[in-house]
Amino acid sequence: MNIRKLLVLAGLGLAAVGTYFGLFVAPPERHMGDVQRIMYVHVPSAWIAMLLYTLAFGFAIALLWSGRQKWDDLMVGAIEVGVVLNALLLVQGSLWGRATWGVWWDWDVRLTTSLVMAILFAGVLVLRRMAPNEERRSQWSAVATVVAFIDVPLVYFCVRWWRSLHQIQSSPDTVDPAMVLPLRLNSFGLLFLALAWMLWRAAIERSSRRASEVPLPTRVAIEESAHA
Amino acid sequence: MNRDRRRRILGITLGLGVAIAAFGYLAFSSVGENLVYYWSPAELRAEGAKATGSIVRLGGLVEAGSISRDPDGLTLSFSVTDGEASVPVLARAVPPAMFREGIGVVLEGQMGSDGTFTTERLMVKHDNEYQAPGEEEMPDMENLIETLQVGDGSP
Numbered sequence: 157m158n159i160r161k162l163l164v165l166a167g168l169g170l171a172a173v174g175t176y177f178g179l180f181v182a183p184p185e186r187h188m189g190d191v192q193r194i195m196y197v198h199v200p201s202a203w204i205a206m207l208l209y210t211l212a213f214g215f216a217i218a219l220l221w222s223g224r225q226k227w228d229d230l231m232v233g234a235i236e237v238g239v240v241l242n243a244l245l246l247v248q249g250s251l252w253g254r255a256t257w258g259v260w261w262d263w264d265v266r267l268t269t270s271l272v273m274a275i276l277f278a279g280v281l282v283l284r285r286m287a288p289n290e291e292r293r294s295q296w297s298a299v300a301t302v303v304a305f306i307d308v309p310l311v312y313f314c315v316r317w318w319r320s321l322h323q324i325q326s327s328p329d330t331v332d333p334a335m336v337l338p339l340r341l342n343s344f345g346l347l348f349l350a351l352a353w354m355l356w357r358a359a360i361e362r363s364s365r366r367a368s369e370v371p372l373p374t375r376v377a378i379e380e381s382a383h384a
Numbered sequence: 005m006n007r008d009r010r011r012r013i014l015g016i017t018l019g020l021g022v023a024i025a026a027f028g029y030l031a032f033s034s035v036g037e038n039l040v041y042y043w044s045p046a047e048l049r050a051e052g053a054k055a056t057g058s059i060v061r062l063g064g065l066v067e068a069g070s071i072s073r074d075p076d077g078l079t080l081s082f083s084v085t086d087g088e089a090s091v092p093v094l095a096r097a098v099p100p101a102m103f104r105e106g107i108g109v110v111l112e113g114q115m116g117s118d119g120t121f122t123t124e125r126l127m128v129k130h131d132n133e134y135q136a137p138g139e140e141e142m143p144d145m146e147n148l149i150e151t152l153q154v155g156d157g158s159p
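Same order as they appear, the protein sequences are chains A and B. Each number in this note's numbering corresponds to the 1-based position in the first sequence with 156 added. Each number in this note's numbering corresponds to the 1-based position in the second sequence with 4 added.
Please note: incorrect hints may appear among the correct ones.
Residues from chain B that keep clear of chain A, each with C-beta distances beyond 12 angstroms, as calculated [what the hints assert, rightly or not]:
| no. | residue |
| --- | --- |
| 1 | LEU20 |
| 2 | ASP76 |
| 3 | ALA89 |
Partial list, computed: chain A residues near chain B (C-beta under 7 angstroms) [what the hints assert, rightly or not]:
| no. | residue |
| --- | --- |
| 4 | VAL302 |
| 5 | ARG319 |
| 6 | LEU321 |
| 7 | SER363 |
| 8 | VAL376 |
Keep in mind the hints are simulated off the structure, nothing from the lab. Only a predicted model underlies this, so the values are computations on that prediction, with no experimental measurement involved. From the three backbone atoms N, C-alpha and C, an ideal C-beta is built for every residue, glycine too.
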């Protein structure tokens with residue numbers, strides 16, 4: 157069994173137990189009621205998206221430093237999964253916000269920086285499509301990733317620095333222990349799933365890069381023999 | 005060290021330098037002071053006539069005992085306080101279920117010349133405490149379900 161399958165199994169297992177505890181064992185929040193259960197997917201999405209962006213930043217530095225394409229494979233994997241979780245984060249937050257704050261959206265600093273984060277990293281993916289060749293593509297994406305990363309610590313700290321509608325980070329001291337458990341289980345579950353997804357995406361990127369290195373006539377020949 | 009590698013390291017250093025400088029600027033400069041999401045009642049009062057007429061956000065706590073609903077059912081009035089000053093508010097908005105005395109609110113609206121803040125966008129701001137309900141706060145499900153059973157089922 158390879159590492160990815162192991163990660164998927166562990167991730168699904170933890171997420172299943174965490175979701176069960178989150179939906180059926182943890183109590184409803186005293187003021188928000190059942191709506192607060194969105195936390196068990198919202199907070200892990202935020203944590204893991206930001207972790208993936210941080211990994212992408214590390215891969216970008218490694219790529220610029222070494223010039224090795226394998227870092228580009230991992231970087232695109234981390235960014236793509238990060239953008240998906242970032243999009244989910246915004247949707248979950250919007251639902252939770254409508255129920256508790258009374259609005260789907262407001263230009264609060266946490267919401268705005270989270271949206272900017274999604275747009276910046278989606279922008280890196282768009283930029284990749286515009287590069288004339290592989291070397292340029294990895295360099296452009298790495299530089300864009302370093303620039304986009306500026307927003308990530310901002311998302312984390314903005315609620316402490318500036319006034320916002322969004323509350324500041326909770327800690328185990330401010331969260332009922334019965335709610336901390338499903339939050340932890342789901343966070344680790346999502347972490348494993350996201351890492352597996354990132355590695356898979358990196359493997360696909362590597363295969364397609366290798367495939368594009370094969371000269372065109374050979375590729376045609378392989379295609380033809382496959383269809384024969 | 006070859007030239008290519010030296011150029012690359014220079015590029016990384018420059019790129020990181022710009023990134024760190026931009027982040028540091030946001031973190032430590034006074035740019036945050038221009039990024040005021042809402043004014044507290046005291047700040048709004050301090051602005052005086054300058055604050056009237058334009059759309060601003062007012063943030064604070066709903067003062068205890070100040071909530072009253074207009075008989076027409078459309079207007080809600082209450083006071084918002086920051087412990088220093090208090091501003092009377094007229095809200096033409098459906099408040100979310102979380103709205104109650106003592107909770108934080110952010111209101112988007114206008115300060116009138118009579119000192120009353122009118123808003124149509126009422127947002128409730130909650131803190132980072134997530135607690136289970138106490139025994140007496142637990143909703144009485146049986147009682148709730150009973151209220152749904154209108155009639156005895158016969159036509």
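* To do: Go through the numbered hints given earlier and state which of them the structure violates, listing their numbers in rising order.
  => 1, 7, 8
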